[in-house]
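**Student:** Single-letter residue listing:
Number of protein chains: 2
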Amino acid sequence: MSLADSTAAEQPVRGRPRSEAVERAIIEGVMKLLEEGVSLAEISIERIARTAGVGKAAIYRRWSGKEELFVDVLRTTEPEDLELPGTSMRDDLIVLLESLRRRGLVNRSSAILHNVQAQMKSSPKIWAAYNNTVIAPRRRVGIEVLRRGQRNGELRLDVDVDLVNDLFVGPMLVRAVLRPDADLPEDLPERIVDTLLAGLRPVSSPVP
Amino acid sequence: MSLADSTAAEQPVRGRPRSEAVERAIIEGVMKLLEEGVSLAEISIERIARTAGVGKAAIYRRWSGKEELFVDVLRTTEPEDLELPGTSMRDDLIVLLESLRRRGLVNRSSAILHNVQAQMKSSPKIWAAYNNTVIAPRRRVGIEVLRRGQRNGELRLDVDVDLVNDLFVGPMLVRAVLRPDADLPEDLPERIVDTLLAGLRPVSSPVP
Numbered sequence: 001m002s003l004a005d006s007t008a009a010e011q012p013v014r015g016r017p018r019s020e021a022v023e024r025a026i027i028e029g030v031m032k033l034l035e036e037g038v039s040l041a042e043i044s045i046e047r048i049a050r051t052a053g054v055g056k057a058a059i060y061r062r063w064s065g066k067e068e069l070f071v072d073v074l075r076t077t078e079p080e081d082l083e084l085p086g087t088s089m090r091d092d093l094i095v096l097l098e099s100l101r102r103r104g105l106v107n108r109s110s111a112i113l114h115n116v117q118a119q120m121k122s123s124p125k126i127w128a129a130y131n132n133t134v135i136a137p138r139r140r141v142g143i144e145v146l147r148r149g150q151r152n153g154e155l156r157l158d159v160d161v162d163l164v165n166d167l168f169v170g171p172m173l174v175r176a177v178l179r180p181d182a183d184l185p186e187d188l189p190e191r192i193v194d195t196l197l198a199g200l201r202p203v204s205s206p207v208p
Numbered sequence: 001m002s003l004a005d006s007t008a009a010e011q012p013v014r015g016r017p018r019s020e021a022v023e024r025a026i027i028e029g030v031m032k033l034l035e036e037g038v039s040l041a042e043i044s045i046e047r048i049a050r051t052a053g054v055g056k057a058a059i060y061r062r063w064s065g066k067e068e069l070f071v072d073v074l075r076t077t078e079p080e081d082l083e084l085p086g087t088s089m090r091d092d093l094i095v096l097l098e099s100l101r102r103r104g105l106v107n108r109s110s111a112i113l114h115n116v117q118a119q120m121k122s123s124p125k126i127w128a129a130y131n132n133t134v135i136a137p138r139r140r141v142g143i144e145v146l147r148r149g150q151r152n153g154e155l156r157l158d159v160d161v162d163l164v165n166d167l168f169v170g171p172m173l174v175r176a177v178l179r180p181d182a183d184l185p186e187d188l189p190e191r192i193v194d195t196l197l198a199g200l201r202p203v204s205s206p207v208p
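So the protein lines, in turn, are chains A and B. Mapping of the first sequence onto full-length UniProt numbering: residues 1 to 208, in sequence order. Mapping of the second sequence onto full-length UniProt numbering: residues 1 to 208, in sequence order.
It is worth saying that the hints were derived from the structure and are not from the lab. Hints are supplied without guarantee of correctness; some may be wrong.
Any copy will do: because identical chains look the same in the list, a pair fits if it lies in one copy or spans two.
Below, computed lysine-lysine pairings styled on DSS-like, alpha-carbon distance capped at 30 Å [as the list claims (entries may be wrong)]:
hint : residue 1 : residue 2
1    : 32        : 125
2    : 121       : 32
3    : 121       : 66
4    : 56        : 125
5    : 66        : 56
6    : 56        : 32
These figures come from a predicted structure and were not determined experimentally.
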């Protein structure tokens, strides 16, 4: 769907929807520039305004600057908020890893996304904003799932949940983000979770 | 040590050492440009030649192009080849993870290195070259250590060593590369390895 069409088609009466359309126009304007291969460094507020067909003030009313806007652009490409089944720590962890796997697949299929994420890392300000709004909250969900697991007797009590979160998330991120040629098969989340729970020593636990 | 000094001081008679000095001058030339904040995209063979005080032909005689040269520059910043103790799979894995931890610490302390690695990811050609010459060989060492562990009875036989390698390496890389604010304490390699071997289920194996 072209954004220009949608703004022309709907001419809402009150502020809210109108404002959402403007916001969408701005975000899609940035996406359009990125798709054209313009680098983050070259994208100015002025250029975004021109591409989106809005005034610069409309942008500054919503975002303090480029960095904040870029993070919102990236956030629109993230999967929807997670629905955790809550049936067990194991099930919740599998859902969490599955969402990372899907995100990895989306990133791979989108050269733009991949490129933007790489560029973002060279800008400490954008990276910090992305970390605070996207990564940190996801991390907090993982830690909460693990704490619940400890309360339920699904996870050892003598482990540092912060480290354990990295044990689960790390292998998935390595494949999804750092090794673009690595397999991301459907059963990967389950295999990671179950292998970590069981441990790698041959003298495994006596329970089945 | 200034490179200019060293080339002036030693005027070797035969080809080999002379050639090494030129090679070093070229690599240090690239480092100098990077330190000055010049981006990979802006660094041309011509500019490198000028900075290093050599002819363009001297560069093309050694590298097929910019990408190959950049990878060699990055390789000089990598830690030395690893000496694995070979006493056990556990000990070897700890040494492997320790080298990743050190590399993470070096990257953090060097804004240039960090920046170059980020830029590199936006260039599929350079990334592929880096992957082939630096990452893939390291990966092969890890897989070999795990296979030996399976033969020695230190690692379960019913696991995919490729996945298990990611289970060990993933948490360290997530902290060292993806989460620049994460702790990298000295005992991290040991904690990762021992936690993975023991497993995370509370009903742990009967051995102490």
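**Student:** Out of the numbered hints, which ones does the structure contradict?
**Tutor:** none
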